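**Q** The listed protein sequences correspond, in order, to chains G and L. Each residue of the first sequence is one higher than the one before, counting from 29 in our numbering. Each residue of the second sequence is one higher than the one before, counting from 64 in our numbering.
Think of the hints as simulated: they come from the structure by calculation, not from any bench. Computed from a predicted structure; not experimentally measured. Watch out, some of these pointers could steer you wrong.
Selected chain G positions facing chain L (in silico; Cβ < 8 Å) [stated by the list, open to error]:
(1) L195
(2) A196
(3) E197
(4) F199
(5) F201
(6) Q204
Label-pair restraints from in silico Cβ distances [said to hold, decoys possible]:
(7) G:R192 x L:G303: 52 to 62 Å
(8) L:V343 x G:L53: 54 to 64 Å
(9) L:A217 x G:E43: 41 to 51 Å
(10) L:F387 x G:E144: 29 to 39 Å
(11) L:A217 x G:G127: 43 to 53 Å
(12) L:V397 x G:G127: 43 to 53 Å
(13) G:G151 x L:G365: 38 to 48 Å
(14) L:L376 x G:L53: 20 to 30 Å
Note that CB positions come from ideal geometry on N, CA and C, so glycine has one too.
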Amino acid sequence: MTTLTREFTKGLWDEIPIFRIVLGLCPTLAVTTSLENGLGMGLAATFVLVCSNGLVSALRKLIPADVRVACYIVIIATFVVCVEMIMKAYFFTLSESLGIFIPLIVVNCIILGRAEAFAKKNGVLASLADGLGMGLGFTLALCVLGSIRELLGAGTLGLFFGERVFLAEPFAFLQQAPGAFVTLGLLLGLMNVVGKK
Amino acid sequence: MSQELDTAPASDTDQAKAPRIVVAPSPHLSEGSFTTRRMMLDVLVALSPPVAVSIWVFGWYAVVQLGICVISCLVAEAAFIAWRGRAFTLGDGSAAVTGVILALSLPWSTPWYVGFIASFVAIGIGKVVFGGLGQNLFNPAMVGRAFVMICFPAALGAAAYVLPGSPLSIVTQATPLTALKQGLVESSDVLSLLIGNTNGSLGETSAIACLLGGLYLCLRRTASWEIPAGTILSVAVISGAGYLISGSSFLHPLHHILGGALLFGAFFIATDPVSSPLTVKGKWFFGLGLGAIVMLLRLASGYPEGLMFAVLLMNAVTPLINRFTIPDPVGGPVPQRN
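So that you can see chain L by itself, here it is in the shape it has in the complex (with noise of 0.2 Å):
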């Protein structure tokens, strides 16, 4: 706005110093700060607490795992940008975000080809075809990793996290979701699930990790708080009520909530703005409905955890969430035209 004053013809003086009156739509004052770049800056400071704990959990799988999601995403990003004749964006940081986010959903025994694979299908797939970010319908890191669960069911079912006698004595066990499955209910503690020495995809095991990198990410409002607060409570009460009704076949609340991709998930990979709703009310019904689906998915589907699949629903009904809570703007509803 304000280089289109600068500029403005100074010809007809007296029409120079008349107050000029210029009609534009609404944001009028806009943080200047509050780039691409920054925000993807603090996702990836918000996700270091659970890298850290990947790191200190699985050793270097977990290294190795982000070093070639990153690096295959950066790359991707690069050859698909370069192929589009668009302009270079690399800088903006939302490619090496996709990588990071990928690798800790994978599980620490993933082949590198497929988080390979992967990287190029979130970015090509995911982002590149809709036309870059900011026009994707999904989330790009979780449509490459549907797609390579699909691909290679082996590679990411339930049994690729488990090997027995292996050096790491994480990955002997079951993870707690397969676990309960298996009709093995309290296989772990809590303390364990909050800490997060227990098997799982690199990034979902520490609920504090996911809930520091999350919290920081909602005070900076990288992040809108609605959703990861709208995705633990409807899961609190599916599984409250469930624990209330069913008794003690049932597994604690809690363990739903700590336990599995959940905390991870709705803080990182929900709060995506691109994919998720844009009024409040949209916001709260995304994050009721992803926590819904998580936990119908966990109850009745072969799967033990479904954050990925809820995900990718919730974005697939964030245009219609969109249009059902368009806001009335002050004075009124708009009227209708006839």
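Just chain G, same shape as in the assembly (with noise of 0.2 Å):
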């Protein structure tokens, strides 16, 4: 039991997805302009990282070691499709602010990686606790990005206070792309100085 929880609070904070191993940028940079995108595009990715890591590893002893990627591939996008049309049919709003990215999670490097990394050499409920931890670590990311980015950037925070305002001037620069990155920098800046041992 201690394992498995292990496994699940690495995600959180010591391999936590974006801030620690990097990965995983392109949807953190785009969709992160608001903290309600943000969450939307964590819990996604994190239901799709849950039940991949669990298919992947459940098939690890009959899945060919030459042709893994391509069989990983066909379970993620399995997973991802259906994510879409869930989102599509119960999330509309937020499927179409989030866009090609829902797709595109089929791609996202830390899905891929913990198949590869974690659940191809571990058990299910290893790969299940270390898919959540993942997952939810990612999640948590992508709402502080788009936690500052809303409030700084457009002076609101949507998911909690609807339409009020908090600044009269947000500096908007950092809902723009450059601004997603100044401010992952910031923060991955700020990681280090926190994480130093």
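Mind assembling these two chains? They're in different frames, but the hints should get you there.
**A** Below is the structure:
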């Protein structure tokens, strides 16, 4: 049980995907214009990550080593299609604002990375715990980035406060792509300072 | 080097008498007075004609803007350096230069907080995060200005320059390049572009003042003359070709060279020794590319002037230019190791 807990919690801080192992930057930079988008993207990726980790782990003895990446992609793509259909059905506005980045979860480095680095060597339960931890860590990072960019860049925090505006003249720069790079860079620097032992 | 020789251990007398051979990379002789502080003071001296003209043309607006930006830059530098626990660097004058250039690149009407934020972004994001002076990829003043330009488009757009009915008659008309965008070709005569009694960003209006300061910088070798020469050449060729082909519907090349921020940017912003190429050939590439991008943005983008973005773009390719223009040492190129 302690190992399972550790597999779960390592993704939340020690190996938190974006800030520590710096993977999956494409959706991170592109969709974090608001907290809502970040949370939606993070949860969608978490669902895919947990399911694909579990299935890859369950099939790890059947998948031939030579074509394993192709097999992983098929598995991941299956779950991404599920997520895409669910989001179109139940969260239509969110799926519209995330756009192409939902189908692009297929090529998200974190998901393929966990399949390759963890699920193919470990049992199903451990892989599920790892996927859940990594997914929630990814979600956490996206939410932090999305909150900063929405609060300072648009002056709102739509998920909690509706239309309320906090800043009369927000820094629209943070809503643009360069603002995403600058914010992420500063957060990475901050994480290095915080994590220094 | 000499220090090392002086403090050489003299325990073994024979060895102390024998000539010591010290191996060190070049340059072996360097001008001791050529310090950062001297260069920055040179830039401040060179900036005095544009500063004087901006105060003459825009009055208190220029004084206030300069005060806000210089003080904010100095405070930002002190704060960030203290935060990082580095040695005190205000004395080298680079923060003051950033402040003056930033202030002179803003419109007269900029609200105080815009200059304040631009200064902190310039010093913080533009310089200190890269490791301080000498490490920055981009010109700090232009990073700060680009930030506020995107954040507060109303405060820095073409409309911010114009205030109809203002007691300051200069600012009741559009800037020369905005007039070009609106199709009013030949709005201002060449003489006023030279003297500087036109509308525009604080420091850019007078071509003569920019040329005076720029020539001083080049003669003192604080700035490399190849960069402004390349920039002006490139703008002259492109606008001259356009003028020859399209005729009177095209702005005269002299307007393109003397108007807008071109001369100010070519002499004071693009020549920043940190963010421009190191080699002579590279400096020509830098200047020619800068002028070409300025013309592209002036003619084909929504902005009336493109100097700021052109400088930032050329800063981004500076490491590449440096790599491509490594000069051959004496004795031929270094053989490639297999």
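**Q** So, for every hint listed, does it hold in this structure?
**A** Evaluation of the provided hints:
{"no.": "1", "hint": "L195", "result": "violated (11 Å)"}
{"no.": "2", "hint": "A196", "result": "violated (11 Å)"}
{"no.": "3", "hint": "E197", "result": "holds (6 Å)"}
{"no.": "4", "hint": "F199", "result": "holds (5 Å)"}
{"no.": "5", "hint": "F201", "result": "holds (4 Å)"}
{"no.": "6", "hint": "Q204", "result": "holds (6 Å)"}
{"no.": "7", "hint": "G:R192 x L:G303: 52 to 62 Å", "result": "holds (55 Å)"}
{"no.": "8", "hint": "L:V343 x G:L53: 54 to 64 Å", "result": "violated (38 Å)"}
{"no.": "9", "hint": "L:A217 x G:E43: 41 to 51 Å", "result": "holds (44 Å)"}
{"no.": "10", "hint": "L:F387 x G:E144: 29 to 39 Å", "result": "holds (38 Å)"}
{"no.": "11", "hint": "L:A217 x G:G127: 43 to 53 Å", "result": "violated (29 Å)"}
{"no.": "12", "hint": "L:V397 x G:G127: 43 to 53 Å", "result": "holds (50 Å)"}
{"no.": "13", "hint": "G:G151 x L:G365: 38 to 48 Å", "result": "violated (58 Å)"}
{"no.": "14", "hint": "L:L376 x G:L53: 20 to 30 Å", "result": "holds (23 Å)"}
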